[in-house]
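2 protein chains.
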Amino acid sequence: MKTAIVTIGDEILIGQIVDTNSAWMAHKLTLAGFEVTETQSIGDNAKQIKDTIDCLSGRVDVILMTGGLGPTKDDITKKTLCEYFGTELAFDDSVLENIKNVISSFTSLNELTRNQAYVPKDCVVIQNKVGTAPITWFDYNGKVLVSMPGVPYEMRYVMENEILPRLQAKFDPEAYLKRVFIVRGYTESALAMHLEDFENNLPEGFGLAYLPSPGLVKLRLFVRGEHRLDELDEHVKKLQGLLGEAILAEKDLPAEKLLGQRLFEKGLTLGTAESCTGGNIAHMITSIPGSSNYFKGSVVSYANEEKINILHVAKESLDKFGAVSEAVAIEMAQGAQRILNVDCSIATTGIAGPAGGTEEKPVGTVWICTRYKDKCVAQKYQLGRYRESNIIRASNLGMVQLLDMLG
Amino acid sequence: MKTAIVTIGDEILIGQIVDTNSAWMAHKLTLAGFEVTETQSIGDNAKQIKDTIDCLSGRVDVILMTGGLGPTKDDITKKTLCEYFGTELAFDDSVLENIKNVISSFTSLNELTRNQAYVPKDCVVIQNKVGTAPITWFDYNGKVLVSMPGVPYEMRYVMENEILPRLQAKFDPEAYLKRVFIVRGYTESALAMHLEDFENNLPEGFGLAYLPSPGLVKLRLFVRGEHRLDELDEHVKKLQGLLGEAILAEKDLPAEKLLGQRLFEKGLTLGTAESCTGGNIAHMITSIPGSSNYFKGSVVSYANEEKINILHVAKESLDKFGAVSEAVAIEMAQGAQRILNVDCSIATTGIAGPAGGTEEKPVGTVWICTRYKDKCVAQKYQLGRYRESNIIRASNLGMVQLLDMLG
Numbered sequence: 001m002k003t004a005i006v007t008i009g010d011e012i013l014i015g016q017i018v019d020t021n022s023a024w025m026a027h028k029l030t031l032a033g034f035e036v037t038e039t040q041s042i043g044d045n046a047k048q049i050k051d052t053i054d055c056l057s058g059r060v061d062v063i064l065m066t067g068g069l070g071p072t073k074d075d076i077t078k079k080t081l082c083e084y085f086g087t088e089l090a091f092d093d094s095v096l097e098n099i100k101n102v103i104s105s106f107t108s109l110n111e112l113t114r115n116q117a118y119v120p121k122d123c124v125v126i127q128n129k130v131g132t133a134p135i136t137w138f139d140y141n142g143k144v145l146v147s148m149p150g151v152p153y154e155m156r157y158v159m160e161n162e163i164l165p166r167l168q169a170k171f172d173p174e175a176y177l178k179r180v181f182i183v184r185g186y187t188e189s190a191l192a193m194h195l196e197d198f199e200n201n202l203p204e205g206f207g208l209a210y211l212p213s214p215g216l217v218k219l220r221l222f223v224r225g226e227h228r229l230d231e232l233d234e235h236v237k238k239l240q241g242l243l244g245e246a247i248l249a250e251k252d253l254p255a256e257k258l259l260g261q262r263l264f265e266k267g268l269t270l271g272t273a274e275s276c277t278g279g280n281i282a283h284m285i286t287s288i289p290g291s292s293n294y295f296k297g298s299v300v301s302y303a304n305e306e307k308i309n310i311l312h313v314a315k316e317s318l319d320k321f322g323a324v325s326e327a328v329a330i331e332m333a334q335g336a337q338r339i340l341n342v343d344c345s346i347a348t349t350g351i352a353g354p355a356g357g358t359e360e361k362p363v364g365t366v367w368i369c370t371r372y373k374d375k376c377v378a379q380k381y382q383l384g385r386y387r388e389s390n391i392i393r394a395s396n397l398g399m400v401q402l403l404d405m406l407g
Numbered sequence: 001m002k003t004a005i006v007t008i009g010d011e012i013l014i015g016q017i018v019d020t021n022s023a024w025m026a027h028k029l030t031l032a033g034f035e036v037t038e039t040q041s042i043g044d045n046a047k048q049i050k051d052t053i054d055c056l057s058g059r060v061d062v063i064l065m066t067g068g069l070g071p072t073k074d075d076i077t078k079k080t081l082c083e084y085f086g087t088e089l090a091f092d093d094s095v096l097e098n099i100k101n102v103i104s105s106f107t108s109l110n111e112l113t114r115n116q117a118y119v120p121k122d123c124v125v126i127q128n129k130v131g132t133a134p135i136t137w138f139d140y141n142g143k144v145l146v147s148m149p150g151v152p153y154e155m156r157y158v159m160e161n162e163i164l165p166r167l168q169a170k171f172d173p174e175a176y177l178k179r180v181f182i183v184r185g186y187t188e189s190a191l192a193m194h195l196e197d198f199e200n201n202l203p204e205g206f207g208l209a210y211l212p213s214p215g216l217v218k219l220r221l222f223v224r225g226e227h228r229l230d231e232l233d234e235h236v237k238k239l240q241g242l243l244g245e246a247i248l249a250e251k252d253l254p255a256e257k258l259l260g261q262r263l264f265e266k267g268l269t270l271g272t273a274e275s276c277t278g279g280n281i282a283h284m285i286t287s288i289p290g291s292s293n294y295f296k297g298s299v300v301s302y303a304n305e306e307k308i309n310i311l312h313v314a315k316e317s318l319d320k321f322g323a324v325s326e327a328v329a330i331e332m333a334q335g336a337q338r339i340l341n342v343d344c345s346i347a348t349t350g351i352a353g354p355a356g357g358t359e360e361k362p363v364g365t366v367w368i369c370t371r372y373k374d375k376c377v378a379q380k381y382q383l384g385r386y387r388e389s390n391i392i393r394a395s396n397l398g399m400v401q402l403l404d405m406l407g
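Those sequence lines, one after another, are chains A and Y.
Counted from 1, the first sequence has number 299 at position 299 by the UniProt record's numbering; the numbering is strictly sequential.
Counted from 1, the second sequence has number 290 at position 290 by the UniProt record's numbering; the numbering is strictly sequential.
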């Protein structure tokens with residue numbers, strides 16, 4: 001079942017907002033067995049909306065549109081759909097009832113909101129239980145077009161509770177089976193070369209996709225059809241054999257969630273001592289709700305003075321080896337473990353760039369030390385030239401290095 | 001100049017990643033005078049790529065494609081463009097040289113990476129100085145199609161340094177004149193109501209756009225055409241009169257850059273003590289190159305123990321008022337200033353959510369204390385229900401609060 005997602009709104013086209021609806025919808029649709037073949041963002045423009053429906057109707061079975069359903073003048077989706085399908089707007093009392101229920105709790109009904117109860121005559125109207133813009137569902141030539149609000153929480157509610165169940169009942173699509181592996185220690189190209197034979201010998205219908213993120217590669221093995229589950233499991237075993245220890249996890253989770261789960265399961269606490277990552281590891285870890293269960297704090301020691309005064313790094317180590325050195329990374333990790341009173345620590349010191357590099361220690365040189373109780377690993381990484389990417393990579397590598405120690 | 005953005009990659013269509021590239025590109029293109037009329041995401045599928053170029057070539061002047069340029073088998077954009085434009089791949093030594101320069105610092109050249117140096121014969125090849133996938137630029141029928149990598153930092157680098165300058169040189173779009181104001185103390189709707197008359201009386205062609213970011217609103221007044229500069233200045237003066245002190249800056253810069261510039265100009269140093277922001281202020285500040293000139297470090301005191309042991313917050317204050325309180329925020333800021341030995345400090349303590357709220361202190365309650373030498377401001381903010389947004393808002397508010405004190 002081929003599906004297209006269309007988001008309508010000028011604010012997307014001038015880059016004022018990031019369209020997060022499409023990814024959410026695509027994820028849910030994929031899991032429900034629908035194949036999303038394209039997504040589009042277009043303006044609040046009648047001709048463009050009609051042209052887009054024309055084009056897509058030749059290629060897909062289902063068109064899901066969000067946006068352009070607000071009560072103000074610039075929202076024209078409903079009117080345009082009437083023109084496209086040759087129908088007209090009519091007042092619907094049941095929609096008005098629903099609108100009154102929705103708004104009763106927080107505001108009174110004004111004229112613009114009341115006008116939301118005008119809906120196209122020849123379509124299925126689905127009540128929006130969390131907002132004032134009704135959902136309209138058009139069946140035409142064996143295809144379906146649904147128009148729904150673009151407000152993220154409204155869209156999510158109506159997709160999960162109204163639209164996905166109806167689409168599944170109507171089309172009964174084949175299940176999408178997938179397994180995700182988080183792989184460490186390979187670049188994307190090295191991993192692809194390692195898996196070349198495996199990939200070439202995958203049966204018809206199977207796919208292997210690579211999604212690199214700094215320091216890790218996310219690998220996705222997938223196929224459609226419930227009846228291919230055994231085959232999938234068989235190939236998962238082959239992959240496990242080929243990758244062995246390189247598999248960091250078989251879950252589709254970022255490093256900060258994997259580390260958080262591992263720490264929580266083991267009842268361990270964590271602290272960080274960050275120089276070149278500047279607090280980003282702490283930030284990534286605390287972006288996860290509930291992280292206060294295992295994360296106690298961090299010392300961002302951007303200046304040497306802070307490394308000495310707070311983390312108790314020896315001035316001699318700084319003088320002798322420099323801030324970016326194994327000795328300093330180790331002392332930072334020890335200091336963090338002691339003064340934060342934690343079971344595990346991650347320490348980073350490096351040259352994020354663009355300035356600060358030398359011949360001996362070019363931009364991208366990073367020492368990372370991780371401690372788990374009295375075990376200690378210190379490792380040097382040579383990253384790239386770009387500050388933003390170096391900060392993210394060093395953060396991921398630090399978390400992965402600790403995950404490795406935790407087993 | 002009508003422009004379309006096409007992002008290529010199955011990972012977008014299964015909802016594995018959110019496409020943030022399109023919004024970033026749309027924003028930059030708009031500012032450069034190009035009108036983005038649509039964005040599309042399509043799969044790594046040759047027919048779909050060709051059909052999309054066919055369709056778009058009838059509607060726009062410029063097609064910017066990202067993605068599908070990796071070294072692995074699922075990446076087919078380059079090959080498909082050859083088929084579409086009736087050319088073939090040829091090995092390019094200068095691209096290989098560039099690839100060697102890019103990777104030399106952190107890894108060795110393998111065969112798949114070497115193959116990145118195959119490029120279409122009949123196109124302009126632009127070196128990618130930050131990655132291994134070259135950029136290809138096709139001129140055809142007075143139109144332009146550019147294919148570039150989808151890795152966000154690579155895309156951003158090549159857009160800013162290579163593609164936008166060339167597009168501007170080629171098409172010379174009517175200058176897009178704009179003035180940006182960073183406005184504090186208003187919600188988006190309150191600001192819109194305050195500026196209603198001003199907005200209604202803007203001359204033909206002028207626009208006013210609101211971009212709310214957590215804790216601030218970015219206001220953009222714009223018009224096309226160099227000859228309207230005087231008119232623009234006249235309306236800028238009106239806006240300045242209407243907004244007065246609410247204007248935090250007249251530069252299109254994020255708070256961490258504004259604060260960094262101000263600190264640097266005044267020769268001041270900064271440290272942070274972060275609880276609910278979990279290191280995000282330190283991370284934002286250190287994301288700016290050169291921040292080591294003014295930023296000395298941070299204590300992320302996620303647990304009470306760290307507030308007491310490292311920042312020397314009084315246990316009595318924590319017991320009597322709780323961690324989220326004026327007293328604790330003040331003591332954290334004092335502690336940070338003293339132990340980090342800095343001129344200025346920002347301290348945050350609050351309930352980011354989703355758990356941890358009480359009737360008295362619901363999720364979103366945040367105390368922020370800022371110190372500048374012996375001056376001290378402590379303020380309570382009631383933010384929203386969403387963790388991610390609360391962390392960013394509190395971070396921005398902390399930096400703005402300190403900017404206010406610096407004058």
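If you are wondering where the hints come from, they were derived from the structure by calculation, not from laboratory data.
Since we're looking at a predicted model, the values are computed, not measured.
Keep in mind that a hint or two might mislead.
[To be verified] Keeping only pairs whose Cα atoms sit at most 20 Å apart, straight-line, the calculated PhoX-like set for lysine-lysine is:
#: 1; chain 1: A; residue 1: K47; chain 2: Y; residue 2: K373
#: 2; chain 1: Y; residue 1: K2; chain 2: A; residue 2: K50
#: 3; chain 1: Y; residue 1: K237; chain 2: Y; residue 2: K178
#: 4; chain 1: A; residue 1: K178; chain 2: Y; residue 2: K373
#: 5; chain 1: A; residue 1: K28; chain 2: A; residue 2: K238
#: 6; chain 1: A; residue 1: K373; chain 2: A; residue 2: K266
#: 7; chain 1: Y; residue 1: K266; chain 2: Y; residue 2: K143
#: 8; chain 1: A; residue 1: K2; chain 2: Y; residue 2: K375
#: 9; chain 1: A; residue 1: K2; chain 2: Y; residue 2: K178
#: 10; chain 1: A; residue 1: K320; chain 2: A; residue 2: K380
[Stated by the list, open to error] If you anchor each label on the Cβ, the simulated ranges turn out as follows:
#: 11; chain 1: A; residue 1: D172; chain 2: Y; residue 2: L208; range: 42 to 52 Å
#: 12; chain 1: A; residue 1: R59; chain 2: Y; residue 2: E326; range: 38 to 48 Å
#: 13; chain 1: Y; residue 1: N293; chain 2: A; residue 2: E326; range: 23 to 33 Å
#: 14; chain 1: Y; residue 1: M405; chain 2: A; residue 2: R59; range: 27 to 37 Å
#: 15; chain 1: A; residue 1: L89; chain 2: Y; residue 2: F198; range: 53 to 63 Å
#: 16; chain 1: A; residue 1: E226; chain 2: Y; residue 2: K50; range: 51 to 61 Å
Using N, Cα and C, we set each Cβ at its ideal position, and we do this for glycine too.
Right, here's what the structure says about each hint:
{"no.": "1", "hint": "A/K47 with Y/K373", "result": "60 Å, violated"}
{"no.": "2", "hint": "Y/K2 with A/K50", "result": "19 Å, holds"}
{"no.": "3", "hint": "Y/K237 with Y/K178", "result": "13 Å, holds"}
{"no.": "4", "hint": "A/K178 with Y/K373", "result": "57 Å, violated"}
{"no.": "5", "hint": "A/K28 with A/K238", "result": "28 Å, violated"}
{"no.": "6", "hint": "A/K373 with A/K266", "result": "13 Å, holds"}
{"no.": "7", "hint": "Y/K266 with Y/K143", "result": "49 Å, violated"}
{"no.": "8", "hint": "A/K2 with Y/K375", "result": "62 Å, violated"}
{"no.": "9", "hint": "A/K2 with Y/K178", "result": "42 Å, violated"}
{"no.": "10", "hint": "A/K320 with A/K380", "result": "18 Å, holds"}
{"no.": "11", "hint": "A/D172 with Y/L208: 42 to 52 Å", "result": "50 Å, holds"}
{"no.": "12", "hint": "A/R59 with Y/E326: 38 to 48 Å", "result": "60 Å, violated"}
{"no.": "13", "hint": "Y/N293 with A/E326: 23 to 33 Å", "result": "27 Å, holds"}
{"no.": "14", "hint": "Y/M405 with A/R59: 27 to 37 Å", "result": "58 Å, violated"}
{"no.": "15", "hint": "A/L89 with Y/F198: 53 to 63 Å", "result": "34 Å, violated"}
{"no.": "16", "hint": "A/E226 with Y/K50: 51 to 61 Å", "result": "33 Å, violated"}
Of the numbered hints stated above, those contradicted by the structure are hints 1, 4, 5, 7, 8, 9, 12, 14, 15 and 16, listed in ascending order.
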